[in-house]
Each structure stands twice: as structure tokens, then as C-alpha cells.
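**Student:** If you want the building blocks of each chain, they are given just below.
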Amino acid sequence: MSKKTENLIKGFYDVCPLLLPVVPFGIIFGAIGIELGFGPYITYATSIIIFSGASQIVFFQLLSNGASPLIAITSSSVVSTRHLLYGAVVAQYLSKLSLIWKLFLSYLLTDQSFAVSQDYFKKNLNDKYKHYHLLGAGLTLWTVWQVTTIIGILLGSIVPEELGLTFTIPLTFLALLVNYFRKIDHLFVIFISGLLSIIFYEAPFKSYIILSSLFSLLAIFLFLKFKKKI
Amino acid sequence: MSIWISIIVAGIINYLSRLGSVLLIKPERLNESTKKILGYVPSAVFPAIIFPAVFLNETNAIVHINDPKIIGFIVAIIIGYITKNIITTIISGLISYWIVIFIF
Numbered sequence: 003m004s005k006k007t008e009n010l011i012k013g014f015y016d017v018c019p020l021l022l023p024v025v026p027f028g029i030i031f032g033a034i035g036i037e038l039g040f041g042p043y044i045t046y047a048t049s050i051i052i053f054s055g056a057s058q059i060v061f062f063q064l065l066s067n068g069a070s071p072l073i074a075i076t077s078s079s080v081v082s083t084r085h086l087l088y089g090a091v092v093a094q095y096l097s098k099l100s101l102i103w104k105l106f107l108s109y110l111l112t113d114q115s116f117a118v119s120q121d122y123f124k125k126n127l128n129d130k131y132k133h134y135h136l137l138g139a140g141l142t143l144w145t146v147w148q149v150t151t152i153i154g155i156l157l158g159s160i161v162p163e164e165l166g167l168t169f170t171i172p173l174t175f176l177a178l179l180v181n182y183f184r185k186i187d188h189l190f191v192i193f194i195s196g197l198l199s200i201i202f203y204e205a206p207f208k209s210y211i212i213l214s215s216l217f218s219l220l221a222i223f224l225f226l227k228f229k230k231k232i
Numbered sequence: 003m004s005i006w007i008s009i010i011v012a013g014i015i016n017y018l019s020r021l022g023s024v025l026l027i028k029p030e031r032l033n034e035s036t037k038k039i040l041g042y043v044p045s046a047v048f049p050a051i052i053f054p055a056v057f058l059n060e061t062n063a064i065v066h067i068n069d070p071k072i073i074g075f076i077v078a079i080i081i082g083y084i085t086k087n088i089i090t091t092i093i094s095g096l097i098s099y100w101i102v103i104f105i106f
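Keeping their order, the protein sequence lines are chains A and B. Under this note's numbering, the first residue of the first sequence carries the number 3, and numbering increases by one thereafter. Under this note's numbering, the first residue of the second sequence carries the number 3, and numbering increases by one thereafter.
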């Protein structure tokens, strides 16, 4: 097997466990779009054009609550700003790629594909085809998101609400942090960010994610500076 | 019609937020401290998604200490700490959550 195919398949394997919340969430999103009266085409279009579960939900919820399109666009964009941070991390590994690759891989850069691929990149610095890992993870996630949105649109909420599967979303993100559980500096950042997200939760335009992220990064920067470690 | 325009605008901004850094950041221009700080990005972003989903209820109030979500969260942390494995962390959290809501 060529290294390219191998990495592609590795990306697929690595992202598989993270699909656990993506499947019910995709179905729920499709069903919500229909329930809120957006119709099948508009609901599905957001999964291709916006392709970001959290941004799509925020967008629909605000519009259906009577918010202006401008508010809906602003909020879904603010929710999406965390990708700027993801991009900054992967940019270190993708800088030598052609423009086409960068344009395409950026479209596939989501929470889950970022999480697994940045880890792979970090451990395989000298792998010339490491970007195929992100391609594999990203395409897997994209396909599952498209298919589950369609299932939700066609079949409605076939996921019983009693199962509480939305709880798998925080569990997955928690699981993505297990490698940092034994590192005190990372625990510091995790705790600060989590605490701030509760404090900032009602901040305008759903800005609590990016605010908590930036402030906790600032906190660790100041801490390391104080300790003279950077 | 305006909904389609809104979706496309939201989509473009969303895409630019993914593309922006990938396209503009030149790694050779990043100094060592910036690279070091970027290593904390997962630890800085993910908790902001985790904490509100666990600790806040539908009305944005802080949940009770024996809420099923808290139990599932604590079990997942312990299992995650011991096993360092993504799948066992998710599954243990979900199963303990189910045990609390279905049995107790």
C-alpha cells in the first residue's frame, strides 16, 4: 500500500470513534431544520455550504426566533472563529502544499478532523504525505455529516430524545483531551477555559467559545512568561 | 431568496475562518513562543464546548451536583485518565449517564 493510501485510511480510522456524536447530531440537525420550517433544500444546503454543526444550529435557531439575517450570520461566524486557531496550528505542517490542497483541506477542517490530524502531524513531522491523514479524516466526517443530515430531513427525529445522545458531544471533546490529563500546564488551560465559558456563556453573538479560548491562551502565555519558560 | 443569500454569506465567512490562518500563516515567521502557545489550542478551545454542555441546563442555569451529566462527566474523566483511550472515555461516560437516567 502506498504511504498516501495508508495515511488516508489512518485518518479514517482515527476519526471513526468521534463519529459517535456526529451521527445522532446530523440526524437531529436535519430534523430540526424541517421542524423549524426551513424545508429540505435549505436545511441540506447549510450542511454543504456552512458544513459546521454548531454554526448551522445557531444560524437556524436565531432565524426561527425572528432574529435578523445579519444577527444570524454574525453569530454563526463568531461560533466559527475557533477555526482560525485550528488553522494556525495546522498551517505549521501544511505550508509547503499547493494552493489547491490548502483550499480543499481548509474546507475539511472541523473540530474532529483537526483534533486527530494535528496529533498525527505532531508525531509524524517528516512524513511527506501527512496531509493525506487530514484528507481521510475530513472526507469521512464530511460524508457522514451529509448522509446523516439527509436521513434527518427524510425520516425526522428517529433518534429517541430519551437516550440523551446530545451528551455524547461534550464526552467526545473531553475524550479528545485525555492525552493532556496528566499535564499540569494543560489542565490549567482546560480549567481556565471551562470556567470562562460558563462565565461568558451569555455574551453576545455566542462569543463565549472564542473568548474563553483566547483568554485561556493568554493566561498560559502569562504563566509561562512569569516562569520564564518562554 | 434572502435566506439563500444569508446561507451563502454565512458559508463564505465560515470557510474564510478555516482558510484564513492556513493561507496566511508562514511557519518560518512564527517564533518559538507562539508555536508553544499554539500547542495549547485543543486545551483552550474544547473545554469551552464541554463545560456549558455539562454544567448548564436548558435555561442556562448551573445544574445540580447529582445531575446525570455530572456523574457521566466524572466517570469519563476517571476512565480517560486511567486508559488514555478515546473510545473507552466516551463509552464509559455514556453508559454511566444511561445507568443514572434509566435505573435511578
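Treat the hints as calculated values from the structure; they're not laboratory data. Since this is a predicted model, take the numbers as computed values, not measurements. Treat the hints with care, since some could be wrong.
[Said to hold, decoys possible] On the chain A side, residues computed to face chain B include the following (Cβ under 7 Å):
#1 Gln94
#2 Ile102
#3 Lys104
#4 Leu176
#5 Ile186
[Stated by the list, open to error] Straight-line alpha carbon distances no greater than 27 Å define the calculated DSSO-like cross-link-like pairs of lysine-lysine that follow:
#6 Lys227/A with Lys104/A
#7 Lys98/A with Lys86/B
#8 Lys38/B with Lys227/A
#9 Lys230/A with Lys130/A
#10 Lys86/B with Lys104/A
#11 Lys231/A with Lys28/B
#12 Lys104/A with Lys130/A
#13 Lys124/A with Lys86/B
#14 Lys230/A with Lys86/B
#15 Lys37/B with Lys124/A
#16 Lys104/A with Lys37/B
[To be verified] Okay, the calculated bits of chain A under chain B, using three or more residues with CB under 8 Å as the criterion:
#17 25–39
#18 49–58
#19 156–162
Where a beta carbon is used, it is the ideal one built from N, C-alpha and C, also for glycine.
**Student:** Next, verify each hint and record whether it holds.
**Tutor:** Going through the hints against the structure:
With 7 Å as the threshold, the beta carbon of Gln94/A comes within range of chain B, its nearest partner Cβ sitting at about 4 Å, so the hint holds. Nearest Cβ of chain B to the Cβ of Ile102/A: about 12 Å, over the 7 Å cut. The hint is violated. Restraint check, Lys104/A versus chain B: the minimum CB separation of about 5 Å is within 7 Å; hint holds. Using the Cβ-Cβ criterion of 7 Å, the hint placing Leu176/A at the interface with chain B is satisfied: the shortest such distance is roughly 5 Å.
Evaluation of the Ile186/A hint against chain B yields a violated restraint, the C-beta minimum of about 11 Å exceeding 7 Å. At roughly 33 Å between alpha-carbon atoms, Lys227/A and Lys104/A are farther apart than 27 Å, so this suggested pair is violated. Using a Cα cut-off of 27 Å, the hinted pair Lys98/A and Lys86/B is violated, with the two alpha carbons roughly 32 Å apart. Distance restraint check for Lys38/B and Lys227/A: the Cα-Cα separation of roughly 12 Å lies within the 27 Å cut-off, and the hinted pair is therefore satisfied.
Of the supplied pair hints, the one linking Lys230/A and Lys130/A is violated, its CA atoms being roughly 35 Å apart against a limit of 27 Å. With a C-alpha separation of about 32 Å, the suggested pair Lys86/B and Lys104/A falls outside the 27 Å cut-off, and the hint is violated. Note on Lys231/A and Lys28/B: the hinted pairing holds, with a Cα-Cα distance of about 24 Å set against a maximum of 27 Å. A C-alpha spacing of about 15 Å is found between Lys104/A and Lys130/A, which places the hinted pair at or below 27 Å, so the restraint holds.
Distance check on the hinted pair: Lys124/A and Lys86/B sit about 18 Å apart at the alpha-carbon level, within 27 Å; holds. In summary, the hint linking Lys230/A to Lys86/B is not supported, as the alpha carbons are separated by about 30 Å, beyond the 27 Å threshold. Under the criterion of a C-alpha separation no larger than 27 Å, the hint pairing Lys37/B with Lys124/A is consistent with the structure, at around 12 Å. This hinted pair checks out: Lys104/A and Lys37/B have alpha carbons roughly 20 Å apart, not beyond 27 Å.
Interface restraint, the stretch 25–39 of chain A with chain B: violated (0 residues with C-beta to C-beta distance below 8 Å; minimum three). Check on the stretch 49–58 of chain A: 6 of its residues sit with their Cβ under 8 Å from a Cβ of chain B, so the three-residue criterion for coverage holds. Counting residues of the stretch 156–162 of chain A whose beta-carbon sits less than 8 Å from any beta-carbon of chain B gives 0, not enough to reach three: the coverage restraint is violated.
Violated hints for the displayed structure, listed by number in ascending order: 2, 5, 6, 7, 9, 10, 14, 17, 19.
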